[in-house]
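Chains as they are written, first to last, in our numbering: chain A, 37 to 353; chain B, 7 to 282.
Worth flagging that the hints you see were computed from the coordinates, not collected in a lab. In this text, a Cβ means the ideal position worked out from N, Cα and C, and glycines have one as well. Careful: at least some of the hints might be erroneous.
Sample of chain B residues facing chain A (criterion: CB under 10 Å; computed from the structure) [to be verified]:
#, residue
1, Met17
2, Ala19
3, Glu21
4, Glu102
5, Gln105
6, Leu112
7, Pro115
8, Leu121
9, Thr277
10, Ser282
Each pair of labels, with its calculated beta carbon distance range [unchecked claim]:
#, chain 1, residue 1, chain 2, residue 2, range
11, B, Leu228, A, Glu161, 55 to 63 Å
12, B, Val203, A, Gly229, 40 to 48 Å
13, A, Thr98, B, Val254, 38 to 46 Å
14, B, Asp226, A, Arg56, 46 to 54 Å
15, B, Gly273, A, Gly229, 36 to 44 Å
16, B, Leu138, A, Arg56, 43 to 51 Å
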Amino acid sequence: MNGAFPDADPVIRTRRLSKRFGRRQAVREVDLTVPRGAVFGFLGPNGSGKTTTIRMLLGLATPTSGTISLLGEPMPQAALRVLPRVGALVEGPAFYPYLSGRANLVRLDAADRTSDPRTRARRVEEALERVGLARAARLAVHAYSLGMKQRLGIAGALAAERELLVLDEPTNGLDPQGTREVRHLVASLAGAGLTVFVSSHLLSEVEQVCTHAAVMSNGRLVAQGTLDELRGTAAGRVVVHTRDTEAAGRVLARLGLSPMPDGTGTVRATTGPHTPPPEDIVSALVTSGVGVRGFSVEGTSLEERFVQLTGEGFDIA
Amino acid sequence: MPERTARAGGMLASELHLLFRRRRTWALFAALAAVPVLIGLAVRVSTGPPRGRGPAFLDQVAGNGVFLAVVGLLVSVPLFLPLTVAVVAGDSIAGEASQGTLRYLLTAPVSRAGLLLVKYAVIVVFCAAAVLVLAGTGVLVGLVLFGVQPAVLLSGDTLGLGASYARIALIAAHVAVSLLGLGAIGLFLSTLSDVPVGVMAAIAVLAVAAQIAGSLPQLDWLHPWLFTEHWTGFVDLLRQPVLWDSFVDNAVLQAGYVLVFGALAYGRFATKDVLS
Ligand SMILES: Nc1ncnc2c1ncn2[C@@H]1O[C@H](COP(=O)(O)OP(=O)(O)OP(=O)(O)O)[C@@H](O)[C@H]1O
Ligand SMILES: [Mg+2]
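Construct the entire structure; sequences and hints are all you get.
Below, the structure written as structure tokens:
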């Protein structure tokens, strides 16, 4: 499943990871594999269990069952050894409002016993610059806008040498310009060799930067792989316009498709992995004497695939 | 390994820095400092220039400023001091949780035991600083408003000025130690909730309730176990020679509370899901 990164040593691997809150099953038997160097989009509608999974990955919550390996070590047992190499943004940024942006980052860095106090000021400064907050660094955080706080959160994740970034909805609250900048930032970090695990309920937000994605729905992992793999398994459709709907249906059925005539001169059929190529379908129709007035193949965008997988809708379980 | 030590102390230094740069901390100190100031002014206004001395502390203050610090502590021990400790201890973990900064500290990462230790150390420093502010203001205001003389103790013995201040320091130490158990209880309660104000109220209520229980003769079997039992026991430290019993009993009792509630806090917090 790892596509471009057939790495035997994934950065994140979970096995049958589950979390229950009382009677509510927030995460069910999730087997997640994030290869090294990937930009991994973790998708799913609201309440599908993304943040809960991330909390377990980072040792904030204990799994009800299942195992987690983060950078090759078991979590939460190895948290103190692993987390210095992981930058995280979980469920939105959070800071001391009366401290400046810079002071907040310095405080967090001081909390990490493995961080070097001699380089602290420089690392914090560089991280602030990277997210475009250098000028606002001395302002108290209560005077920050939501987008500025979000950037500060990302700066916090970047303030030390990291191997993995876990970003939970990093573009939440950002303006389009900010969203674009975060996308560029993620791309440039990935270019520098980091693995980035980024959650979102908006596919469009991650589609352009991700190499891999996984889709959560109702606590389950319903798909994961490279973007091409995800698109590839997606079902498309062939659409035949003809007066001869019955004959067309018979031909399509012979080719292993399940035709659905709609009674208005159109036959649709969902394609699968064993569907013959479109040109063969057309020639089969013509040689069988079906009067074809129009023929088209409708591919499935990742967006549609996402909707198929998650059952879409705004009803949150 | 001096560097390793410096790093381990890095977080404590940073959290103490945070404590002392918060406006709230200084507001609490100001409120405490107001106690001896108000008492001093009240005594000064009501009695005019120093007159004879009576048995009560307040009367002694009028005659000798040395006693103002003692009176300030005595008045603050039942409620004001515990309230300030409740604010700081109640906020320690619950405040981080409610702000969401707890998840970022833990992913920094800080070990959960380490975080509790640092937070408790901050509470201890606050207790010491609060008592110091109270006693220090008392000494200064007493000096300014009433002047100081050698103190005549309850026993009739007379203490030199240096010895008097040493007694005040001893009393301040007793009061600071008295607050350590409450601080540990507060730390534990703070791990139970994400609502700091609720925890602060709970701590304050506990302190008052324990003192009420301590005043009911029907509950005298319980008294030796109450963390408030020796809170005002420092009068013994004004005897000649010093009667150490209540100081020592108090220290042992408070240490017990720190151990028990420290263990409870760890037991609760070590595996708690941080979902705030
Ligand atoms: N502390 C909690 N107590 C009980 N249930 C919870 C708790 N936190 C989350 N849940 C439940 O777990 C499920 C998953 O929540 P989670 O926050 O992981 O979703 P999410 O995918 O991050 O959603 P969003 O896109 O809205 O951030 C939800 O059904 C939610 O109701
Ligand atoms: Mg979420």
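Verification of the hints:
For methionine 17 of chain B, the interface hint holds, the least distance from its beta-carbon to any beta-carbon of chain A being 5 Å, beneath 10 Å. Using the Cβ-Cβ criterion of 10 Å, the hint placing alanine 19 of chain B at the interface with chain A is satisfied: the shortest such distance is roughly 8 Å. Taking 10 Å as the C-beta contact cut-off toward chain A, the hint placing glutamate 21 of chain B at the interface holds, the least distance being around 8 Å. Taking 10 Å as the C-beta contact cut-off toward chain A, the hint placing glutamate 102 of chain B at the interface holds, the least distance being around 9 Å.
The interface hint given for glutamine 105 of chain B is met, as the beta carbon of that residue sits about 6 Å from the closest beta carbon of chain A, less than 10 Å. Hint status for leucine 112 of chain B relative to chain A: holds, with the closest Cβ pair at about 6 Å, below 10 Å. A cut of 10 Å between beta carbons decides the hint on proline 115 of chain B: the least distance to chain A is about 4 Å, and the hint holds. For leucine 121 of chain B, the interface hint holds, since its Cβ comes within 10 Å of a Cβ in chain A; the closest pair sits about 8 Å apart.
Against a cut-off of 10 Å between C-beta atoms, the interface hint on threonine 277 of chain B holds, since the closest Cβ of chain A lies about 6 Å away. Annotation: serine 282 of chain B was flagged as interfacial toward chain A, and the flag holds, the nearest CB pair being 9 Å apart, inside 10 Å. The supplied range of 55 to 63 Å is met by leucine 228 of chain B and glutamate 161 of chain A, whose beta-carbon atoms lie about 57 Å from each other. Our hint of 40 to 48 Å for valine 203 of chain B and glycine 229 of chain A holds, since their Cβ atoms are close to 46 Å apart.
Against the hinted window of 38 to 46 Å, the Cβ-Cβ separation of threonine 98 of chain A and valine 254 of chain B comes to about 42 Å, which satisfies the hint. Judged by the Cβ atoms, the range 46 to 54 Å given for aspartate 226 of chain B and arginine 56 of chain A holds: they are separated by roughly 48 Å. Look at glycine 273 of chain B against glycine 229 of chain A: about 41 Å separates their beta carbons, and that is inside 36 to 44 Å. Checked against the given bound of 43 to 51 Å, the beta carbons of leucine 138 of chain B and arginine 56 of chain A, roughly 49 Å apart, stay inside it.
Hint violations for this structure: none, all hints satisfied.
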